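Can you make the complete structure from the sequences, with help from the hints?
Chains as they are written, first to last, in the numbering used here: chain A, 1 to 704; chain B, 1 to 557.
One thing to keep in mind: the hints can contain errors.
Said to hold, decoys possible - In silico contact screen, one side only, chain B against chain A (beta carbon under 10 Å); selected entries:
| id | residue |
| --- | --- |
| 1 | Trp144 |
| 2 | Ser145 |
| 3 | Pro263 |
| 4 | Leu449 |
| 5 | Leu450 |
| 6 | Glu472 |
What the hints assert, rightly or not - With beta-carbon atoms standing in for the labels, derived distance ranges:
| id | chain 1 | residue 1 | chain 2 | residue 2 | range |
| --- | --- | --- | --- | --- | --- |
| 7 | B | Thr387 | A | Leu133 | 32 to 42 Å |
| 8 | A | Cys585 | B | Leu63 | 14 to 24 Å |
| 9 | B | Thr509 | A | Arg126 | 19 to 29 Å |
| 10 | A | Pro589 | B | Ala143 | 19 to 29 Å |
| 11 | B | Lys363 | A | Ile203 | 15 to 25 Å |
| 12 | B | Leu139 | A | Lys407 | 47 to 57 Å |
| 13 | A | Gln150 | B | Phe514 | 26 to 36 Å |
| 14 | B | Ile156 | A | Cys585 | 14 to 24 Å |
| 15 | B | Met287 | A | Leu133 | 51 to 61 Å |
Keep in mind the hints are simulated off the structure, nothing from the lab.
It should be emphasised that the depicted structure is a prediction, and the values quoted were computed from it without experimental measurement.
Cβ coordinates follow ideal geometry from the N, Cα and C atoms, glycine included.
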Amino acid sequence: MVHSPATGVRGKVSDIDHSDIVAPVPRRHLTLQRSESQHWLGSPPLSPVSAVSRTLSPISHVPLSPTHARKRYSSMFSAISESEKSHLTAALSSQSISAADQKTTEDVGMARRWTRWMHKQGLKHRVLPLIVLFTALFKWCITLGSYSGQGTPPLFGDYEAQRHWMELTIHLPVREWYTYDLKYWGLDYPPLTAYISWLCGVIGARIDPSWFALDSSRGIENPTSKIYMRATVLACDTLVYIPAVLFFVQTWQRNRSSKTQQVALLTLLLQPALLLIDFGHFQYNSVMLGLTLVSLCCFAVGHDLLGAIAFVLSLGFKQMALYYAPAIGTYLLAKCLTLGLRDGVQLFLQLAAVTVISFAVLFLPWLPPIAPISAILDPISRIFPFQRGLFEDKVANFWCASNILVKWRVWMSAPALVKLSAGITIIGFLPAVVGMLYSGYRLGASAEKSKQDSKAASEPSFGPSPVLPLLPYALLTSSMSFFLFSFQVHEKTILVPLLPLTLLLSGASNNSPTFKLGALVNNVAAFSMWPLLKRDGLALQYVVILALWNWMIGHNPFKLRHKSLVDYLSMAIYGICILLHISECLLPPPKRLPDIYPVLNVLLSTPVFGVTWLWSIKRSVEVSWGVGGLGSLSKASSAVHSPGANGHLPNGDGSTVANPEGVTSSLGLSIVGERLSGLRTRSLGYAQGKKSALGSESVGAEFN
Amino acid sequence: MQRRSSVSSSNSTAKRTTFSEEPARTEPVADSEDSRKNASLLKRADIAEWFRDVTKAEWDIFLISTCLKLLLFPAYHSTDFEVHRNWLAITHSLPMSRWYYDTTSEWTLDYPPFFAYFEKLLSIPASFLDPKIVELTNLNYDAWSVVAYQRVTVIITELVLALALQRFIRGAVDPSVQRIISASLFLHPGFLIVDHIHFQYNGFMFGILLWSILMARNGNKLASGFLFAVLLNFKHIYMYLAPAYFIYLLRAFCLSPSGELLPGRFLSLANAVILVFLASLGPFLLMGQLPQLLSRLFPFTRGLNHAYWAPNFWALATAADRVLLKAAQIFNIQSLQINTPGVSSTSRGLVGDTIFAVIPNVKPVYTFIITIAFQMIFLIKLWRAPTYKSFVAALTLCGYTSFMFGWHVHEKAILLVLVPLSLLAAENNALFRTFTIASVSGVFSLFPLLFTPGETFVKIAYSLCWAILIVEPLSKRVYEFPTSLPWVILDGLERLYIAGFAALQLFVTLFPIFAHSRISPSASTMEFLPLMLTSVYCAVGLVWAFVRLSVIYLRKF
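This is the structure:
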């Protein structure tokens with residue numbers, strides 16, 4: 001449907017009088033876009049648009065090339081070696097050292113410096129294996145430490161739970177998995193976890209049966225069994241999460257340079273909270289997150305059915321993936337809406353069938369032909385434990401934080417609390433759902449209209465939906481809303497909202513608000529799990545991994561340059577975190593308030609998470625405006641062309657034209673200053689192409 | 001700035017003049033002049049300047065390796081950990097006169113006095129941190145406090161190495177290459193394995209050695225000799241390198257180019273060295289404990305090979321002896337005189353004397369003579385060409401000869417070869433290939449130090465990362481395609497040999513599992529097969545690298 005208009009755009013652009021373009025944007029900005037830029041993905045008709053930008057770029061490059069080239073040159077620390085190679089004088093080289101130090105290298109992290117160096121050395125092809133090897137090395141070094149519940153009989157901790165599941169799955173018939181001795185770490189994860197536990201158990205029992213002997217192996221703590229258990233986590237992570245992240249950077253960041261993709265890879269693979277929980281505390285979250293990530297990538301390349309299967313697998317591994325369900329479901333629904341009536345209904349039915357079938361396959365051993373119908377209740381009641389409390393430990397969510405003032409559990413009965421929390425959670429993720437559905441509906445309507453107009457209905461179900469850029473934000477909104485407001489949340493669950501946020505962060509440039517917020521929330525998330533990590537004896541790993549990751553991505557909250565209000569705020573948050581750590585080290589808590597430090601931790605972390613939730617809603621609104629799903633079409637197109645539009649962007653940080661976040665916040669729809677609007681909006685992407693295709697008359701009028 | 005231009009103009013390193021007394025400055029001249037004017041602020045300005053002088057890349061390397069080392073705190077540590085803890089206790093709770101007499105623990109103090117002073121220094125904070133650390137009778141204490149404390153001291157003292165390597169970059173002929181070499185040394189898997197997992201203070205010791213070599217490069221030979229004397233009084237294993245130092249300093253410092261003795265220089269060097277030795281041994285000399293001290297430092301009661309044969313010439317000889325013995329037993333060859341105690345000797349691989357069954361037995365004095373003879377060849381060469389590079393090569397070869405033919409050599413001593421050899425790695429293709437073979441087999445030969453399964457992945461993954469990061473960029477700079485057919489074949493064989501390590505590691509990893517699964521009577525006697533194979537395979541590479549390096553040195557320098 002876009003094909004012919006897009007070529008039309010190319011024809012138009014070539015007609016542009018280039019002398020009108022006063023100050024073109026350097027090429028860097030054309031490629032430097034957030035993860036939203038993936039809406040070009042897999043849509044062949046759109047590549048001409050980017051091709052246009054590429055053919056235009058030499059022109060736009062000319063006035064800037066000298067300074068631009070110099071900047072690039074000095075920005076690489078290996079530029080020094082280059083200069084020495086080419087026999088420049090020693091004096092010059094020392095100047096370039098200091099120039100490089102003073103200029104751009106300080107803004108990037110180790111990950112980028114290192115990838116630059118590798119590319120410079122001609123070792124591009126070694127970067128990926130090295131990243132995998134290197135991150136695996138660090139993960140393994142974390143596993144050398146202690147784990148959850150080490151040396152704490154009689155119940156031990158999560159490590160023992162996982163080991164116990166391996167033990168019981170290999171010794172018991174499938175039907176008894178969810179009923180055997182529930183008091184001692186009864187299985188309470190969905191079947192895929194059980195199947196994988198079975199596999200790990202079978203392999204482990206071949207090496208040494210005593211590790212998984214039924215009942216007698218409870219609480220077994222010997223070095224080799226610990227190494228085996230740790231190795232299963234590393235293996236699962238390597239087999240699921242690493243390919244998923246690779247898939248992600250190659251789809252969602254397909255238009256980015258390979259260096260940026262590799263930096264994103266490092267950012268995602270060394271995410272501190274995930275490493276600490278999976279490899280320190282001991283869990284298999286990376287499998288669940290990896291499967292969700294696979295489903296996102298499938299959506300991005302247009303394989304919705306595969307994506308649905310991957311998401312069901314994710315749900316089937318750990319029920320926490322349910323936090324994503326509203327966003328994923330809404331995305332698929334919105335896609336059905338954009339496709340119009342016939343294709344939409346067809347896709348919807350296919351999706352429904354695939355989902356039901358994959359769930360049925362997962363739960364097959366508990367379903368009627370094999371088992372009586374009541375058997376299905378065993379896993380279900382174990383997976384959703386509503387009989388537990390509103391919250392267990394201190395967790396940085398709304399209920400626990402407000403519990404200091406409002407004693408919820410005294411005021412209300414448990415069923416009422418379940419209903420209340422469910423209601424608030426739904427309200428919490430409603431903006432994402434409504435926004436995406438509405439965007440889908442609008443785009444569907446406009447697609448129908450354009451289809452009628454142009455009669456170019458060329459297989460619309462290929463490629464991702466135009467609402468795809470909304471998906472990460474919707475995932476964040478929905479999972480954060482669950483984390484903040486839902487019933488029975490663990491502190492570890494913060495990993496679920498962290499995934500979409502880190503995905504967004506991995507594509508953001510170093511001084512953008514997304515990057516800063518993403519880094520802040522990642523750090524605060526690790527901080528919010530501090531009481532847990534401290535109990536597990538992972539203090540050293542906590543400090544080291546946080547320092548490493550921040551250095552890696554180049555995030556230094558205490559750097560005193562170019563500060564905005566938000567930066568000062570985050571600096572204050574970091575300051576308080578460090579202060580709390582120090583005072584916890586030095587001062588024992590007062591007798592009257594033994595929980596003072598965990599409570600202060602909750603009180604500090606909850607607002608940060610709450611702000612993230614609000615921010616995600618704000619950004620979804622902006623992005624959905626960007627993809628053209630909000631407001632009437634005529635309004636949107638007027639926003640494109642009204643010079644002052646950028647000033648009215650609802651950017652919390654008061655972004656200006658120069659702010660790169662502003663550029664992408666509306667996907668180049670309205671960002672650009674007066675001088676740039678024409679070319680820039682053209683080259684920036686799909687929304688533009690589409691927009692100008694739809695409103696081609698007016699755009700053409702402006703260009704001519 | 002002036003310094004840099006002077007360096008780049010002179011191609012030969014021997015011509016370098018003494019700019020080394022001052023820390024190298026890359027800041028603009030105006031800045032440093034300001035700081036000089038302001039005498040009271042001089043120190044602070046210097047420190048600030050030094051901080052600015054450290055590039056981002058250097059911070060990166062330092063930070064990432066420190067992160068890794070911190071994460072390795074809970075990793076396996078060997079008895080050397082307890083050895084050092086015991087020394088903390090000895091030096092803290094006993095008067096100096098008892099240090100070299102104490103036998104409370106079996107790990108008696110057997111390092112020279114400077115190291116004992118160093119332990120004394122370390123024991124002071126330790127006693128505040130946890131008094132149990134320095135309790136003499138608290139044997140095998142390994143609480144978190146002592147692990148963290150001792151590991152931290154290793155990381156901190158390794159800063160000496162980091163600083164020396166950073167100074168190497170400043171003022172190098174080609175800083176981009178030196179940067180890689182410096183990084184390779186700082187990140188050397190040998191240090192990670194031996195210091196940060198197994199536990200020793202080699203980073204600190206080699207830091208002093210590299211400072212001394214740096215001084216030699218920068219033309220300050222007096223400081224070089226002084227630092228080496230200090231180093232000898234920290235750890236006497238560096239005596240292996242002493243002949244090269246002696247000849248180099250005598251020829252290039254104490255004698256004029258035409259061969260006349262320069263008394264002023266000679267006396268100042270002699271005084272410096274004597275002063276160092278007096279500071280170290282003086283107290284024990286006064287107490288009349290020198291014989292006891294020396295008997296602790298040089299115990300001549302050990303065997304030819306260590307429990308795990310260090311991959312040197314004797315490992316090959318021992319392996320050949322085993323093969324000949326088998327052959328003699330199978331074919332029943334009467335002409336060979338089989339030494340009966342030797343039949344059961346080394347196949348068990350236990351600590352103790354190695355007795356050959358077929359080959360004539362080796363006495364300590366033979367190894368001594370062979371070592372000296374080989375060293376003489378290289379030292380004569382050094383005497384004729386006393387340049388800096390020749391010195392480094394001769395230094396490497398002195399260490400290498402001792403490692404190859406020494407009595408009871410420990411596998412950790414390979415670092416004595418690998419560290420100075422790294423400095424020459426990027427000189428040309430021939431040296432680079434020698435470096436690669438020696439490094440790969442040398443690092444691999446250290447793997448058996450860590451036999452615990454948890455650390456297996458760490459040592460392999462880390463060494464692989466290191467090899468890719470260091471070897472490939474250097475190879476891109478110096479690689480030359482072999483010119484004639486024999487060289488092509490040799491090149492291929494060397495590649496094949498290096499690739500063989502993957503197969504060897506696979507075998508070493510899988511052998512215990514299979515040996516465990518089918519419990520056969522032969523399994524127990526074959527228990528040492530992986531170790532033996534590792535030792536022999538590494539020895540092949542190290543002997544070959546030794547031959548290569550000797551030929552290159554004698555012909556090219």
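Here's how the hints hold up against the structure:
1. Trp144: At 9 Å from the nearest chain A Cβ, B/Trp144 passes the 10 Å test, so the hint holds.
2. Ser145: Violated, because the Cβ-Cβ distance from B/Ser145 to chain A comes to roughly 13 Å (cut-off 10 Å).
3. Pro263: violated, 37 Å
4. Leu449: violated, 17 Å
5. Leu450: violated, 12 Å
6. Glu472: With a minimum Cβ separation of about 6 Å from chain A (threshold 10 Å), the hint on B/Glu472 holds.
7. B/Thr387 <-> A/Leu133: 32 to 42 Å: Cβ of B/Thr387 to Cβ of A/Leu133: about 40 Å, so the range 32 to 42 Å holds.
8. A/Cys585 <-> B/Leu63: 14 to 24 Å: The hint (14 to 24 Å, Cβ to Cβ) holds, given that A/Cys585 and B/Leu63 are roughly 23 Å apart.
9. B/Thr509 <-> A/Arg126: 19 to 29 Å: holds, 24 Å
10. A/Pro589 <-> B/Ala143: 19 to 29 Å: Holds, at about 25 Å.
11. B/Lys363 <-> A/Ile203: 15 to 25 Å: violated, 53 Å
12. B/Leu139 <-> A/Lys407: 47 to 57 Å: Given range 47 to 57 Å: holds, Cβ gap about 55 Å.
13. A/Gln150 <-> B/Phe514: 26 to 36 Å: Since A/Gln150 and B/Phe514 have Cβ atoms about 31 Å apart, the given range 26 to 36 Å holds.
14. B/Ile156 <-> A/Cys585: 14 to 24 Å: holds, 20 Å
15. B/Met287 <-> A/Leu133: 51 to 61 Å: holds, 54 Å
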